[in-house]
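Listed in order, the protein sequences are those of chains X and Y. For reference, each letter of the first sequence is one residue, going 1 to 224 in the working numbering. For reference, each letter of the second sequence is one residue, going 1 to 476 in the working numbering.
These are computed hints drawn from the structure, not numbers from a lab.
Derived pair list, reagent style BS3-like, types lysine-lysine, alpha-carbon separation capped at 30 Å:
1) Y:Lys-472 x X:Lys-73
2) Y:Lys-86 x Y:Lys-132
3) Y:Lys-373 x X:Lys-94
4) X:Lys-115 x X:Lys-182
5) Y:Lys-472 x X:Lys-46
6) Y:Lys-204 x Y:Lys-119
7) X:Lys-73 x X:Lys-115
8) X:Lys-171 x X:Lys-130
9) Y:Lys-472 x X:Lys-68
10) X:Lys-94 x Y:Lys-472
11) X:Lys-182 x X:Lys-171
12) X:Lys-182 x X:Lys-46
13) X:Lys-182 x X:Lys-130
14) Y:Lys-373 x X:Lys-46
15) X:Lys-73 x Y:Lys-373
16) Y:Lys-472 x X:Lys-8
Below, each chain spelled out in residue letters.
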Amino acid sequence: MIDFRNVKKVYPNGTTALDGINLHIDDGEFVFIVGPSGAGKSTLMKLLLREERVTSGRLTVDEFDLVKMPERKVPYYRRQLGVVFQDFRLFPNKTVFENVAFAMRVIGEPSSVIKRRVPTILSIVNLADKYNCYPTELSGGEQQRVALARALANNPRTIIADEPTGNIDPKMSLEIMNLLVKIHKRNKTVIVVTHEKTLVDYFQQRVVTIRDGRIVDDRMGGMF
Amino acid sequence: MRRYSITYFLGQSISGLLRNGVMSVASITVLMSCLIVVGSFGLLVLNIDYNMENLGDLNTISAFVQTDTEYAEGDEVILAGPLKAKNGAEFLGWSLDPNAETPTYAPGQRYTINPADAKSGKITMYAVWSIKPYTVDYGIAYDMSGVSIEGDPPVDSGRYNHGDEVVLADAPTPKLASNTFLGWSTVPGNASELEIMQPGSTYKLHSGNAVCATVTLYAVWSNMPVISTYEVVYNANRTEIEGSPPTQDRVILMHIAEQVSKLDNIKRVDLISKEMALKEEKERYAEYPEVIEAVLSGKNPYPDNFLISYYDNDNVATLIYQLNQIEGIYKVRDRSDLAARIDSLKSGIIIIFSWFMILLFVVSVFIIMNTVKLAVFTRRQEISIMRYVGATNWFITLPFVLEGVFIGLLSAGLAYLIEWYIYIYLQRMVLSDTIQMIHIVSFSSVSRWLLLSFIGIGVLTGVTGSLISMRKYLKA
Ligand SMILES: Nc1ncnc2c1ncn2[C@@H]1O[C@H](COP(=O)(O)OP(=O)(O)OP(=O)(O)O)[C@@H](O)[C@H]1O
Ligand SMILES: [Mg+2]
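From just these sequences and the hints, can you work out the full model?
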């Protein structure tokens with residue numbers, strides 16, 4: 001459950017990126033966030049990640065109150081989220097396996113668990129046979145699937161993807177989007193920021209449109 | 001069950017150090033030099049202190065005292081303080097008359113030597129008590145009438161009654177062969193032939209001859225010495241007292257000690273009596289007793305001496321002046337010069353040392369900061385991903401802190417080895433000097449502390465440097 005109440009975000013330089021945002025996302029929902037460049041979509045994601053703090057209003061994610069949360073709790077909150085970026089952000093000098101395992105090591109998962117879980121996750125994103133490759137040996141779509149696997153590594157409740165298909169060619173984009181839908185079916189909340197009109201139209205899910213920092217449209221099976 | 005692997009952290013920090021090899025070497029070199037400088041100064045101050053200890057407390061003054069207790073007519077004498085009677089009698093004062101009811105002199109009062117008060121050169125001060133002393137029997141005392149004799153004067157510890165027959169002591173042998181012993185007399189000074197009694201003969205005790213229940217038998221010589229100096233002796237006057245009656249030189253010493261203690265800036269006053277000084281000197285040359293005997297020829301050349309320790313070196317001139325003013329102190333020797341010089345040397349070293357230390361630590365911290373900053377920079381992407389997947393701050397920070405720890409440990413170890421080498425080298429150089437005026441603290445006795453403080457300071461500096469450069473990354 002994600003709940004924005006009258007959220008406003010003003011950056012230190014005075015730019016108002018978001019204003020009067022009221023948005024409620026239930027557990028297990030699939031939501032597209034769309035809107036023109038500079039509308040405030042990434043800012044919305046950053047607030048969710050607690051990378052940025054809201055200027056005013058309330059923001060709660062499950063039992064976490066992101067306004068009142070002390071700094072030291074932030075890592076534990078983030079373990080509930082899986083994040084995917086436009087630019088993959090993989091370690092070029094680590095294998096696919098190690099890239100995924102890294103997310104688990106960071107939170108102190110024992111090696112035995114890592115050895116068991118990583119192959120399972122890699123098979124979800126259809127990369128089971130590439131576990132020993134380095135990112136440079138993979139296509140853009142494959143790299144993004146590794147990133148997705150990493151996001152899933154710690155079994156988060158929510159997946160946040162900011163333009164996951166922005167850097168890959170359209171054929172591969174559909175595959176990534178299909179994977180996100182597949183993950184959604186495994187009872188996870190999925191929030192996807194995207195510019196790809198055809199995909200949004202194709203999947204017929206809830207679409208939230210943001211323009212100039214405000215939600216201007218929010219409907220099921222919506223269109224751009 | 002969460003488990004973090006130590007090898008992960010160690011691997012991360014060591015690979016960080018190796019990746020920025022030049023910076024790491026620079027940090028270690030600077031921190032190491034810093035530790036060597038700190039260690040050298042520390043050892044220097046330690047050695048100064050060690051040598052000072054051998055010199056004893058430098059804040060001391062020796063005040064030498066003249067306790068000449070042979071007085072001439074007209075000299076002024078300080079009289080002894082009160083005595084303490086065992087029978088509870090109150091001490092009232094001193095009197096020349098053993099039967100006086102009221103004292104003539106208060107304790108501590110001054111008395112002017114009057115030959116008329118003397119008997120055979122002795123002026124006896126009798127204690128006057130609130131309870132009148134009373135004895136039924138009489139003692140015998142022998143007085144050599146101012147002539148030096150071989151051995152000790154005879155002693156008769158018997159008690160007699162009026163009319164008892166006393167066997168007189170044997171003839172004493174005078175030091176000067178030209179003088180002959182003529183016999184004993186109950187009257188001091190030149191005696192008529194009738195009054196002289198032969199040694200070994202019997203004397204029928206007559207209470208009328210007794211003063212203060214004692215009959216004194218005076219030696220009569222062929223050459224009676226002319227008495228021109230007088231001594232003052234104290235007599236408890238038939239009353240049992242705590243301790244023994246004072247001697248005049250003790251009285252003088254107590255009086256001086258009292259005046260010294262009342263001065264400002266005095267920490268403690270210790271009397272080193274001439275007897276103690278002699279004993280000490282004899283112990284020092286215990287291996288050559290015959291030499292000591294030959295040099296001293298039975299005399300004690302040492303004066304009584306007050307060892308005065310004081311607090312503050314600044315006002316020592318005033319103190320010396322005041323000591324010189326005290327009657328009886330004839331010489332004052334101080335070591336304030338040496339003390340002041342060593343003190344200023346030490347504080348000078350400590351000031352230079354502190355500035356050097358601060359400077360070097362700032363430089364060390366700065367360089368380590370930059371080393372770690374570089375390591376953080378090369379791993380910034382890794383760090384940002386760690387954040388997104390929920391790594392805690394300490395998990396992110398630890399490898400960098402360990403990097404600082406490694407820099408600290410390596411610097412400490414190297415600094416220790418170099419310091420060791422330098423110290424042993426210098427020690428050998430100083431000790432090969434034939435005049436071994438300077439004492440050197442052995443390296444083994446300080447090595448553990450040196451290593452521990454190097455490790456402590458090194459690690460602290462390393463960790464401080466890392467934490468400062470990590471600070472902005474510690475925010476989510
Ligand atoms: N760190 C920042 N400091 C100041 N202003 C910022 C910052 N990040 C974003 N902005 C501003 O906030 C507004 C919203 O930016 P945001 O990145 O959320 O847009 P977006 O919808 O993600 O755009 P795009 O589709 O191009 O990614 C823009 O005007 C942007 O310039
Ligand atoms: Mg954006």
